[in-house]
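Student: Residues per chain, in single letters:
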Amino acid sequence: MPALLFFVAFGVIPLIGVFWLSFTTWDGLGEIRMSGFDSWRAVLTDPGLPHALWVTFLVTALSWAVQTPASILLGTFLAGFQRYRAVLSVVYFIPLLLSSAAIAITFKALLDPNFGLGAGLGIPILVQDWLGEPVLAFSVVIFVVSWQFIPFHSLIYQGGVRQIPRSMYEAAELDGAGRVRMFFSITLPQLKYTIITSSTLMVAGSLVFFDLIFVLTAGGPGDTTRVLALDMYKRGYMANLMGPASAIAVILVLVGLALALLLRRIGGRDQTHSQLEGV
Amino acid sequence: MGLPLGAALAACGSSGPTQTGAGGGTGSTATSGGAGGKATYWYLTGQPNEGVRTRAVERFNKANPSGGLTTTTFQNDAFKTKIKTAIGAGEAPTIIWGWGGGGLRSYVQAGQVDDLTSWFDQNAAYKDRLFPSSFGAATVDGKIYAVPVESVTPIVLYYDKRAFEKVGAQPPQEWGDIMDLVKKFNGAGIAPFSLGGQSRWTNMMWLEFLFDRIGGPEVFQAIYDGEKDAWNNPAAIDGLTKMQELIKANGFVKGFSSITADSNADQALLYTGRAAMMLHGGWTYGSMKADGGDFVSGGNLGYMNFPPVSGGKGDASNTVGNPAQYMSISSKATAEEKEIAKKFFLTEMNSDAQSKDWVGITQVPIVKGVDAQFGSGADAPWQKFVYDTASNAKSFQQSWDQALSPTAAEVLLDNIAKLFQMSITPQQFAGNLNEVIGK
Numbered sequence: 000m001p002a003l004l005f006f007v008a009f010g011v012i013p014l015i016g017v018f019w020l021s022f023t024t025w026d027g028l029g030e031i032r033m034s035g036f037d038s039w040r041a042v043l044t045d046p047g048l049p050h051a052l053w054v055t056f057l058v059t060a061l062s063w064a065v066q067t068p069a070s071i072l073l074g075t076f077l078a079g080f081q082r083y084r085a086v087l088s089v090v091y092f093i094p095l096l097l098s099s100a101a102i103a104i105t106f107k108a109l110l111d112p113n114f115g116l117g118a119g120l121g122i123p124i125l126v127q128d129w130l131g132e133p134v135l136a137f138s139v140v141i142f143v144v145s146w147q148f149i150p151f152h153s154l155i156y157q158g159g160v161r162q163i164p165r166s167m168y169e170a171a172e173l174d175g176a177g178r179v180r181m182f183f184s185i186t187l188p189q190l191k192y193t194i195i196t197s198s199t200l201m202v203a204g205s206l207v208f209f210d211l212i213f214v215l216t217a218g219g220p221g222d223t224t225r226v227l228a229l230d231m232y233k234r235g236y237m238a239n240l241m242g243p244a245s246a247i248a249v250i251l252v253l254v255g256l257a258l259a260l261l262l263r264r265i266g267g268r269d270q271t272h273s274q275l276e277g278v
Numbered sequence: 000m001g002l003p004l005g006a007a008l009a010a011c012g013s014s015g016p017t018q019t020g021a022g023g024g025t026g027s028t029a030t031s032g033g034a035g036g037k038a039t040y041w042y043l044t045g046q047p048n049e050g051v052r053t054r055a056v057e058r059f060n061k062a063n064p065s066g067g068l069t070t071t072t073f074q075n076d077a078f079k080t081k082i083k084t085a086i087g088a089g090e091a092p093t094i095i096w097g098w099g100g101g102g103l104r105s106y107v108q109a110g111q112v113d114d115l116t117s118w119f120d121q122n123a124a125y126k127d128r129l130f131p132s133s134f135g136a137a138t139v140d141g142k143i144y145a146v147p148v149e150s151v152t153p154i155v156l157y158y159d160k161r162a163f164e165k166v167g168a169q170p171p172q173e174w175g176d177i178m179d180l181v182k183k184f185n186g187a188g189i190a191p192f193s194l195g196g197q198s199r200w201t202n203m204m205w206l207e208f209l210f211d212r213i214g215g216p217e218v219f220q221a222i223y224d225g226e227k228d229a230w231n232n233p234a235a236i237d238g239l240t241k242m243q244e245l246i247k248a249n250g251f252v253k254g255f256s257s258i259t260a261d262s263n264a265d266q267a268l269l270y271t272g273r274a275a276m277m278l279h280g281g282w283t284y285g286s287m288k289a290d291g292g293d294f295v296s297g298g299n300l301g302y303m304n305f306p307p308v309s310g311g312k313g314d315a316s317n318t319v320g321n322p323a324q325y326m327s328i329s330s331k332a333t334a335e336e337k338e339i340a341k342k343f344f345l346t347e348m349n350s351d352a353q354s355k356d357w358v359g360i361t362q363v364p365i366v367k368g369v370d371a372q373f374g375s376g377a378d379a380p381w382q383k384f385v386y387d388t389a390s391n392a393k394s395f396q397q398s399w400d401q402a403l404s405p406t407a408a409e410v411l412l413d414n415i416a417k418l419f420q421m422s423i424t425p426q427q428f429a430g431n432l433n434e435v436i437g438k
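So the protein sequences, as listed, match chains A and B. According to numbering that gives the first Met the number 0, the first sequence is numbered sequentially starting from 0. According to numbering that gives the first Met the number 0, the second sequence is numbered sequentially starting from 0.
Hints listed in this document are in silico derivations from the structure and should not be mistaken for laboratory results. Each hint should be verified, as a subset may be incorrect.
Claimed, not checked - Ranges of calculated distance between the beta carbons of each label pair, as one might list FRET restraints:
no.: 1; chain 1: B; residue 1: Gln220; chain 2: A; residue 2: Pro68; range: 56 to 66 Å
no.: 2; chain 1: A; residue 1: His50; chain 2: B; residue 2: Ala124; range: 51 to 61 Å
no.: 3; chain 1: B; residue 1: Thr80; chain 2: A; residue 2: Phe36; range: 53 to 63 Å
no.: 4; chain 1: B; residue 1: Glu434; chain 2: A; residue 2: Phe22; range: 53 to 63 Å
no.: 5; chain 1: B; residue 1: Gly376; chain 2: A; residue 2: Gly121; range: 39 to 49 Å
no.: 6; chain 1: B; residue 1: Gly188; chain 2: A; residue 2: Leu120; range: 16 to 26 Å
Unchecked claim - Straight line, CA to CA, 20 Å or less: simulated SDA-like cross-link-like pairs of lysine to any residue:
no.: 7; chain 1: B; residue 1: Lys81; chain 2: A; residue 2: Val134
no.: 8; chain 1: B; residue 1: Lys241; chain 2: B; residue 2: Arg273
no.: 9; chain 1: B; residue 1: Lys81; chain 2: A; residue 2: Glu30
no.: 10; chain 1: B; residue 1: Lys253; chain 2: B; residue 2: Ser198
no.: 11; chain 1: B; residue 1: Lys61; chain 2: B; residue 2: Thr346
no.: 12; chain 1: B; residue 1: Lys355; chain 2: B; residue 2: Lys383
no.: 13; chain 1: B; residue 1: Lys247; chain 2: B; residue 2: Lys79
no.: 14; chain 1: B; residue 1: Lys79; chain 2: A; residue 2: Tyr232
no.: 15; chain 1: B; residue 1: Lys247; chain 2: A; residue 2: Asp128
no.: 16; chain 1: B; residue 1: Lys417; chain 2: A; residue 2: Val134
no.: 17; chain 1: B; residue 1: Lys438; chain 2: A; residue 2: Gly235
no.: 18; chain 1: B; residue 1: Lys438; chain 2: A; residue 2: Pro46
Even glycine gets a Cβ: it sits at the ideal position worked out from N, Cα and C.
Assemble the whole structure, with the sequences as input and the hints as a guide.
Tutor: Okay, here's the thing in structure tokens:
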């Protein structure tokens, strides 16, 4: 019951508030006036919306594509019980302990074309207009996001791999399977539900990416990295358009729900079955 | 009060390279003023300005033990969001500090700030002491809603005298010279202009001057007044075209879109000799002096008003930038709080003691005749230059992003970034902005 109470107080009520705000005109200062579908019309006819949706999708898809294989490999590697792996897993975990704002500021300083890493070490290839060229800026965002969150997902995969019964590997070894074969025939299939959990977290997380991109590129150059959450902030707090910002918030909620349901469907059919069956 | 306020606030210190000059403390630091503090006042961190603000409050609270000010300080960007949210929630401080212009207009339209016109009429002598140009951004529909305070900071064309000696050139006398200098400096391996393009408003300063020099202040005035299609003015299109010509000719340092102004990297490019010139606010003089080694003290920094464009209509004495800072009174405050705020304005803001403080940190307060206090120190010529520029300007255009409404300003900044990226044409730029005129 207390959980439900909290959910209503901090989840449902604000959500209803945002939904209601999306049918009003409010500059954040004065009176809130009902204005029907004005804000929705403004948002839905704005060519910036498909662009922001596309950017959000790209960030989500690309960061998933980069993080998942890296996290699985790293997680599998770290799942051994040797002491040096324990030390390494602590080292790998450090990026997750830093705040996104601090990471963004640090990378921004490192990537500065005049005073950054490239110029400092005299490595010409590192001297690029990292955050000023659309493709480079986008790549930097994906890289930094991955750098920050791979540790977390590695940890999940490490746990997943350790759950796999050793007897399976022993049996495979008797059959003469090599390490690669064992990885593809045992580890990967057994990680199915871990992959779905990790992916759900990644997708939900990327949808609301804000702080890192805000500090790193502020949506630039132009609006190359202007994701939906950033679009919402800029409309609401920079341009004083709370109505349209609320409409975007509602869209974000809907997209998030749809994606979560989709992921559940993909992995959901035999979710109730034990993974250990048939061992 | 154990610790002096100054010391307590200074303890927030500045951290990291991105914060130098622009603001030190993280988050907010609440400090309560003298005993019985009633009215509330929020202001910005970041030395040395913070110190001047703090000392003004200290003097006031000492003189008014029964009814002083309670203060809270914020870092620049945090303040902008916080003050807006607080006003919207009806929890604004008694004294609302800001930049005037479009932001103030939105407070006025929401009925959140008091009309101070009659107060100024009662205190005509106080009003007459201040720069007349400082009142434009405080005025909405003919009524004054804010007291101009603090210092004047026009946008200035800075240059590195060493770089000009190296290529054997003179500072530009008109726009054509700029294009010639671009070739010369690029040939010598020095970037012609430094620019922190990621911050967007840095790019805007160029357009402000080009519009003025080509078409005069009327061009932006028409936009400000909400005239239909005012961005399509031929002078505006000409200015936008010249801007893109300069970018195409590699007028700006390579990678300028990755450089932010809040990290002061653009200033560093100038004082380390990598860029020859920089168009930037008067506030950067102090930080270049502090961070640039002997660049300023060694007499290598040159400065001038933006040159004319030949055939242009604008007066060459015109300038743009921040005519002052502004303080309004929250309409939600009690009568008692409002009285304290007004007393603070009258006795402390723009007072001789405070003028001395601003002059002491190489700034120019908005008080007439303050040039007599500049003395003969190393910074006196700079202060005299700023004073003359501000007081002789036929037109002092407030920075566009402050003058326009927040809604229009955001669209403006977005499109300026795209214009500098060359991803939109001058005509597309004008078209996009015509859509938000008057909004």
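Student: All hints are to be evaluated individually against the structure, with a verdict given for each.
Tutor: Structure-based check of all given hints:
1. At about 58 Å, the beta-carbon gap between Gln220/B and Pro68/A stays in the expected band of 56 to 66 Å.
2. With their beta carbons about 56 Å apart, His50/A and Ala124/B fall inside the hinted range of 51 to 61 Å.
3. Look at Thr80/B against Phe36/A: about 28 Å separates their beta carbons, and that is not inside 53 to 63 Å.
4. Glu434/B and Phe22/A have their C-beta atoms about 23 Å apart, which leaves the hinted 53 to 63 Å range violated.
5. Checked against the hint of 39 to 49 Å, the pair Gly376/B and Gly121/A passes, with Cβ atoms roughly 41 Å apart.
6. Between Gly188/B and Leu120/A, the C-beta spacing of about 20 Å keeps the proposed range 16 to 26 Å intact.
7. Of the supplied pair hints, the one linking Lys81/B and Val134/A is violated, its CA atoms being roughly 34 Å apart against a limit of 20 Å.
8. Between Lys241/B and Arg273/B the CA atoms are separated by roughly 24 Å; this puts the pair beyond 20 Å, and the hint is violated.
9. Distance hint between Lys81/B and Glu30/A is fulfilled; the C-alpha atoms sit about 18 Å from each other, no more than 20 Å.
10. Between the alpha carbons of Lys253/B and Ser198/B the distance comes to roughly 16 Å, so the proposed pair stays at or under 20 Å and holds.
11. Restraint check for Lys61/B and Thr346/B: the C-alpha separation of about 12 Å stays at or below 20 Å, so the hint holds.
12. Between Lys355/B and Lys383/B, the direct Cα distance comes to roughly 15 Å. Compliance with the 20 Å bound is thereby established for this hinted pair.
13. Between the alpha carbons of Lys247/B and Lys79/B the distance comes to roughly 35 Å, so the proposed pair goes past 20 Å and is violated.
14. Annotation: proposed proximity of Lys79/B to Tyr232/A holds, straight-line Cα distance about 13 Å (limit 20 Å).
15. Between the alpha carbons of Lys247/B and Asp128/A the distance comes to roughly 16 Å, so the proposed pair stays at or under 20 Å and holds.
16. A C-alpha spacing of about 15 Å is found between Lys417/B and Val134/A, which places the hinted pair at or below 20 Å, so the restraint holds.
17. Note on Lys438/B and Gly235/A: the hinted pairing holds, with a Cα-Cα distance of about 15 Å set against a maximum of 20 Å.
18. Distance check on the hinted pair: Lys438/B and Pro46/A sit about 19 Å apart at the alpha-carbon level, within 20 Å; holds.
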